[in-house]
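Q: In terms of our numbering, the sequence shown opens at residue 1 and continues consecutively.
No lab work stands behind these hints, which were simulated from the structure alone. Accuracy of the hints is not assured; some may be wrong.
Here are the simulated DSSO-like pairs of lysine-lysine, each with C-alpha atoms no more than 27 angstroms apart in a straight line [claimed, not checked]: (1) Lys40 to Lys25; (2) Lys25 to Lys64; (3) Lys40 to Lys64; (4) Lys81 to Lys40.
In this text, all values refer to a predicted model and were calculated from it rather than measured experimentally.
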Amino acid sequence: MGLFSFVKEAGEKLWDSVSSDDGSKIQDHLKQLGIPDSDKVNVSVNDGTATVTGDNLSQEAKEKILVAVGNVAGINQVEDKVT
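Sequences and hints are given; from them, build the entire structure.
A: This is the structure in structure tokens:
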């Protein structure tokens, strides 16, 4: 677990601005990317920080999910709470 920093303005622009209710949009984005086990996580967004929670993921799937979330424009940090 930990906190990972990203460049807020970089990444894929999914919508005009990120707000606290965009966690479900990011989860939909993960599913569209075809990342394995993306259905096992929940994403919440608060002030540019995305918190990813979930369990029973492989290390590879977890890392892919965290990077994909961090590569969304408007997200400057990803908090890893995946067990």
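Q: Determine for every hint whether it applies to the structure shown.
A: Each hint, compared with the structure:
1. With a C-alpha separation of about 15 angstroms, the suggested pairing of Lys40 with Lys25 holds against the 27 angstroms cut-off.
2. Only pairs whose Cα atoms come within 27 angstroms are accepted, and Lys25 paired with Lys64 is accepted, the gap being roughly 17 angstroms.
3. For a cut-off of 27 angstroms, the pair hint linking Lys40 to Lys64 stands: about 13 angstroms separates their Cα positions.
4. Proximity of Lys81 to Lys40 is assessed by CA-CA distance (about 12 angstroms); at most 27 angstroms being required, the pair is judged to hold.
The structure is consistent with each of the numbered hints, conforming to all of them.
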